[in-house]
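Take these sequences, add in the hints, and give me the full structure.
Protein sequence lines, in the order shown, are assigned to chains L and H.
For the first sequence, position 49 (counting from the first letter as 1) is numbered 49 according to my numbering, and the numbering increases by one without interruption.
For the second sequence, position 297 (counting from the first letter as 1) is numbered 297 according to my numbering, and the numbering increases by one without interruption.
Just so you know, these hints were derived from the structure itself, not from any lab.
All residues carry an ideal CB built from backbone N, CA and C; glycine is no exception.
Please note that the accuracy of each hint is not assured.
As the list claims (entries may be wrong) - Which bits of chain H does chain L cover? Going by a derived footprint, with three or more residues having C-beta under 8 angstroms, they are:
#1 200-212
#2 236-250
Claimed, not checked - One-sided and incomplete, this derived list gives chain H residues near chain L with beta-carbon spacing under 8 angstroms:
#3 LEU163
#4 ARG164
#5 ALA176
#6 MET180
#7 TYR190
#8 GLN196
#9 ARG197
#10 VAL219
Protein chains: 2
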Amino acid sequence: MSNTSSLPAIAESIAQAENILLVSHIRPDGDAIGSLLGLGWALEAAGKRVQMVMGDGVPKALAFLPGSERIQKSIAAPYDLSILLDCSELSRAGDVLSKEKRPDINIDHHPTNDYFAGINLVIPEAVATAEILARTLPDLGLAIPPESASALLTGLLTDTLGLRTPNMHPEVLRLAATLMEHGADLPALYFQAMVQRDFLAVRLWGAGLSRLQRDGRIVWTSLTLEDKAYVQYSGHDDADLINVLSSIAETDIAFILVEQSHDKVKISWRSRDGIDISQLATSFGGGGHKNAAGAEVNGSLSEVEEQVRTATQIAWARQIRKEQAAATPTV
Amino acid sequence: MSNTSSLPAIAESIAQAENILLVSHIRPDGDAIGSLLGLGWALEAAGKRVQMVMGDGVPKALAFLPGSERIQKSIAAPYDLSILLDCSELSRAGDVLSKEKRPDINIDHHPTNDYFAGINLVIPEAVATAEILARTLPDLGLAIPPESASALLTGLLTDTLGLRTPNMHPEVLRLAATLMEHGADLPALYFQAMVQRDFLAVRLWGAGLSRLQRDGRIVWTSLTLEDKAYVQYSGHDDADLINVLSSIAETDIAFILVEQSHDKVKISWRSRDGIDISQLATSFGGGGHKNAAGAEVNGSLSEVEEQVRTATQIAWARQIRKEQAAATPTV
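Next comes the structure, spelled out in structure tokens:
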């Protein structure tokens, strides 16, 4: 059972349930928490008892959503219906669910979803699981209270980087309009979910951008342990600086090296549409998608920078030749 | 004649005209050029001869829009109908028009518009002049070709900072959806108009962010002549760095000092909703809006920084007291 043909079965399951368990994935993003709270508030408005669980809990940056304080890290009470949200496979739920505790319903938008539940609502064309919910809650006999609208709009915004990813389609904008009319404050949510930055993160950007380098259509920089100590940034990540690098005009590939220890460096690559950097990441023992990939490499920052720079330049030249060959008509 | 009651008269004027002059404002932004090209392409598709004029020409950052190369800096041919777009007053057209050469039609969304034309279509609720056009082109008997849709969507995007300003309303999203269906490539336009940054501008950010400072809920930094020389940035502006500063969490006021010469400093302030910094800017001989203002002050960078920091702290404390007083019910 898949796609919207599963809607009547989902509506029937919800109608008969009293205690509903909602679970979303570990390392949660805005769509994980947005779809969890979006469905959670709608079920509560319909008189259901709801428990919401995410193995890793709610990250600080997403704790602004009403109800996020109610999300727990493990199952605390019995339930008679379980719904897993925004997970392409069961393992994405972490320890919360297992093969023995398979969820009854699977609602997701990932094209790689493996239909692990009894009832599956999988719509790969949707930009977010929140889109599927915003679109189908009325079919499930559920109203959309303002808290639900806010959560679902947050899921739409974060999975589309603020309504701007290549998979954006007109209906997403119309859904966002409807969610505003249900009480979601678009400008406030956009600021909180997409624009707002931590002071220390922006100071760390300063360190990285001071060393920004370009060679042809490749730009890169690094963040050292010293930078992090100097600005008092506590994370081991790049504070999203890679997104600034990938906004630079006339750039095909952007990468950033983040020193983890004196002999380990984390690398993130981003590429424009048409340039595939997933194999490049694999060659360094990492992985990822065509346009966003990463790896962790042993060695000093300067050694790794030299290796990665060279390998990225070679990969870039190969990709450009491939692109040009594809564009040249064969005689 | 104002608001939509002027639509029949505009439709009639256009129907009778053969050579139409379209003008928008000096120091053009995305809405100036977006509404100019948006209406221009629609009129051409209807068989009109159109000349498009902006006194300052098209800035490089907005030259990606098809047709922008046809926009001229002065009137080059006779016309039998003139339309001024996105100008609150006639002087915004620069030298292109004058009291003697008043435009026949005035289409604008600024609340301060002074109805200077024979026929005025002024809708202050619209987020952009492009919104007014996207909404009314069908009423004017005009189709929306793809080039027109792209230009109008660009106007919507730039005047709403990417669909996120406080004046956003659901109909803007529905209009954007319609423009996508008319052929506007939302993700590409969003990237080109809102996300893309110049390499040297981002390097300049590095210099400014390395010195980022915070005192309570005020953050600030400076850009020196040395920074600009070092990164080889040729502008005299802040390369939009103020927008990064105003994205920092738990900030009421952000400001940036840009050294213009050894005895002149330009200051830009931004404030969150509820904190009015226009008087602060006025006290330094500048001006602006409640939440975005600027000034130019004589003195060395260190002198001016000290003055501005102190004055901003005092203004902040006063504004916070005002806000608290407004929030406290009187007995």
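Checked hints:
no.: 1; hint: 200-212; result: holds (count 10)
no.: 2; hint: 236-250; result: holds (count 6)
no.: 3; hint: LEU163; result: holds, 6 angstroms
no.: 4; hint: ARG164; result: holds, 4 angstroms
no.: 5; hint: ALA176; result: holds, 5 angstroms
no.: 6; hint: MET180; result: holds, 5 angstroms
no.: 7; hint: TYR190; result: holds, 4 angstroms
no.: 8; hint: GLN196; result: holds, 5 angstroms
no.: 9; hint: ARG197; result: holds, 5 angstroms
no.: 10; hint: VAL219; result: holds, 7 angstroms
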